[in-house]
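A.B. asks: With chain A held as given, fit chain B onto it using these hints.
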Amino acid sequence: MAGGMTYTAVDSTSLSTAEIYGKALVELGRAHPEVVALTADLAKSTKIGDFQKEFPDRFFNVGIAEQNLFGVAAGMAKAGLVPFLSTFSQFASLRAADQLSTDLCYQNINAKVIATHSGTSFGQAGSTHHAITDLAVTRSMPNLTVICPADGVETYNAVMAAYETPGPFYIRINRGFDRVLYKDSDYGFEIGKAVTVTEGTDLTIIACGSCVFQAVQAADFLEKADGLKIRVLDMHTIKPIDKEAIIKAVMDTRRIITVEDHNVLGGLGSAVAEVVVESGKGCAFKKLGVPDKFAPIGLHEDIMADLGIDANGIIAAVREVMKADFELDDDWDDEV
Amino acid sequence: MPLTKQEWLNLEKKANELRNLTLDTTYWAGSAHIGGGLSVLDIMTVLYHKYMNIKVDDPNWEDRDRFILSKGHAGVSYAATLCDLGFNDVEMLKTFNLSGSKMGMHLDSNKVVGVDASTGSLGHGMSIAVGTALAARLQGKDYKTFVVLGDGECDEGSNWEAAMSAVHYKTTNMISFVDRNKCMIDGRTEDVMNLEPFCAKWEAFGFIVKEIDGNNIKELCEAIDFAYENKTDKPVMIVANTLKGCGIDFIEDDYLWHYGAFDDDKYERGKKALEESYKKRIARVEKEAK
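Chains A and B are the protein sequences, given in the same order. The numbering of the first sequence is my numbering, which starts it at 982 and goes up by one. The numbering of the second sequence is my numbering, which starts it at 4 and goes up by one.
Just chain A, same shape as in the assembly (with noise of 0.2 Å):
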């Protein structure tokens, strides 16, 4: 891994999640003289300015033009350069859409999205800046890889993981401080491969970016209050996704409960489910996230509690799931 620093949960308390993406940033500029960072007049918003402040001439704030943001980084990758380009989620992943796809992803080329204010993080300023259908759109897109870190540790993980890996990143984080989840960035973080958070056989809930820490919360109380033992996974990558972790969830557990901040059609619930019905295992499934509608305005915190995506939300679903009737012997030849 490039720089060999460790992050550590001290960092993870003290910085923003995208914090961390700039001082991680700055480490691989400070390593690979052809990184270079652009932005769409986000540049603090999306936290570059040491990158700016360090590598001026290395640095690129195209103003409020998000195509033209992903076209010039797609010229500079052609050229040799490693653009990690930063905007908010919504403009990422919508507004540049057609130039994510046809220049970034239809080149195959490197260059690596960061892109920032990601779900319902940036509460407040309501649905134009939310990004509810980020993951929808970019799992589709042919060579590109998505990612949804679940704190700022992981997300350090994850740009790391992006420079050392050829070909377009979409790596989606949110606004602010995450709850931390992570004690050190040495837990063998892998592209494409769930990390198991907890470990359990009576239910798996499996989820990506702040809904993680929730699941987590959940999985100890329900452990503590009703004696369930539940795993935990963090799907990180949404693409190429962790099919053999899906499988086995459903093999062990037979009920599996997907979160994520993120429409429920389309996202990480829909990418699982489509592995679950492939298989041809059945299992008790549950997706929660936004439902369909666009989010309230609020604190970060209260709209996922308003969605049922927080540890209450989580815990109440469980419950549910765990009342439907399945057989839980071996034998899978009489299933559906």
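If you're looking for bench data, these hints aren't it; they were derived computationally from the structure. There's no promise every hint is true.
What the hints assert, rightly or not - Short, incomplete list of chain B residues facing chain A, as computed with Cβ under 8 Å:
#1 SER112
#2 ASN113
#3 SER121
#4 SER124
#5 HIS127
#6 SER130
#7 ALA132
#8 GLY134
#9 LEU137
#10 ALA139
#11 LEU141
#12 GLY143
#13 SER161
#14 GLU164
As the list claims (entries may be wrong) - Partial list, derived from the structure: chain B residues whose beta carbon lies under 8 Å from chain A:
#15 ILE131
#16 THR135
#17 ALA165
#18 MET167
Keep in mind that this is a model prediction, so the values were computed, not measured. Idealized CB from N, CA, C, for every residue including glycine.
C.D. replies: Relative to chain A, chain B alone:
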């Protein structure tokens, strides 16, 4: 690089060969974007055969000049140009648009050798060109980036985002063209969406604008020479007034020939028309060349 008479004659000969190859490819494919393919062809001929620093045996040579065909639907004449140069087998043109071919209407930079950017969706090329121009500057390289837009394409707002950034970043190592054939799919450009005052728009964005006859090789060379000699910090935009379908009289300046089919009869008439057109162009060289 002043144009000598012999050079001019050579470029006319090459342009004529490429026009024929474009028509042949359209005929083999059954149909193609021949109108815009022929309007832009003199620009491509002049760039690839007089100005651009490229190595056919090393297509990814990092110091090469870049060419970005933002009006990607002119892929039929771009393909002819690249195959004729030897980047790809000329026989590949016989597969143009056919199932399983590496070549379709819009060329894919990962499949067709020599293509610097995959284009097709309009309004992308100039941004990519700004990116390669900025990369060249950052890497201390002196290659140039050429980008050709269609005039109808200029309806896309993204071009103007790119234009603003080219001027802001003073990308004078980038030379831009608009193939101003005044036609688009649904009609004349001015009828569908008024572009005029077109040159004034580019000037207002901060470009130095040269308006020329884009199917006149001498004027093209003079404009490109002017851009090479530009010592200001403003990028140059060459607004090349062209004829859609240039060289085949019965399709010229007709927006209905944005995309069209050539059957045996039309093909024969087209070949004859190109021959006549070539004669006229040579006569013009004889008259005007010094």
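A.B. asks: For each hint, tell me whether it holds in the structure or not.
C.D. replies: Each hint, compared with the structure:
no., hint, in the structure
1, SER112, "holds (6 Å)"
2, ASN113, "holds (6 Å)"
3, SER121, "holds (5 Å)"
4, SER124, "holds (5 Å)"
5, HIS127, "holds (6 Å)"
6, SER130, "holds (2 Å)"
7, ALA132, "holds (6 Å)"
8, GLY134, "holds (2 Å)"
9, LEU137, "holds (6 Å)"
10, ALA139, "holds (7 Å)"
11, LEU141, "holds (7 Å)"
12, GLY143, "violated (11 Å)"
13, SER161, "holds (4 Å)"
14, GLU164, "holds (4 Å)"
15, ILE131, "holds (4 Å)"
16, THR135, "holds (4 Å)"
17, ALA165, "holds (5 Å)"
18, MET167, "holds (7 Å)"
Of the numbered hints listed earlier, the single one contradicted by the structure is hint 12.
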